[in-house]
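Please take these sequences and the hints and turn them into a complete structure.
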Amino acid sequence: MSENRLTLTLRDPQAGHTSWVKAWVWCKAMLFAGHTLAVEVVCEKSREQEKLYHSCFRDLARDCLLGGQKNDDEAWKRATLYAFYMATKDDPEFAADWRARRPRMIPTLDGDGMLMINIESKKFTKRLAQGFITFLHATGDLRGVRWSRTSLGREAPDEAVSARREEVAA
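Just so you know, we're using this note's numbering here: the sequence shown kicks off at 2 and counts up by one.
What the hints contain is simulated information worked out from the structure, not anything from laboratory work. The hints are all genuine.
In silico lysine-lysine, DSS-like type, Cα no more than 30 Å apart, as pairs: (1) Lys52 - Lys90; (2) Lys90 - Lys124; (3) Lys71 - Lys90; (4) Lys124 - Lys29; (5) Lys124 - Lys52; (6) Lys23 - Lys127; (7) Lys52 - Lys127; (8) Lys71 - Lys123; (9) Lys124 - Lys23; (10) Lys123 - Lys23; (11) Lys71 - Lys124; (12) Lys123 - Lys52; (13) Lys71 - Lys52; (14) Lys127 - Lys90; (15) Lys90 - Lys123.
Right under this line is the structure:
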């Protein structure tokens, strides 16, 4: 806890309860001191969602060209994250989630240029991750990607793709 900010990560009910009790003690002191507090609860993306979109990056890198040439999955990650941001930054469903996650420009150390601080998928909410997975599938479908089973979120190869996507995106 810093003097003006409190961040909690809750992973299970028992530890979560203990953390909330400690947080309330801190909040109560801040309120008595005359501060106004804003509380935001965010459901973070799941590990399964993260594994799925990293599999999608590999499939895109395997089957598609980016800028007319083959690129690795990291390049596809950067390109699709930025494209997803541009496509959804003003969408009412995602706009609030993007506020603290949007790309930004900072000066270089020598002051001769600017650097873009990329969007980080590790800080995605569950909602952003769901939307990103749908975006990746649409992007790959338009480019003829042969999705691996892990990119579709299921091991069973005989189910319809749309049924698998609906389950993963939820």
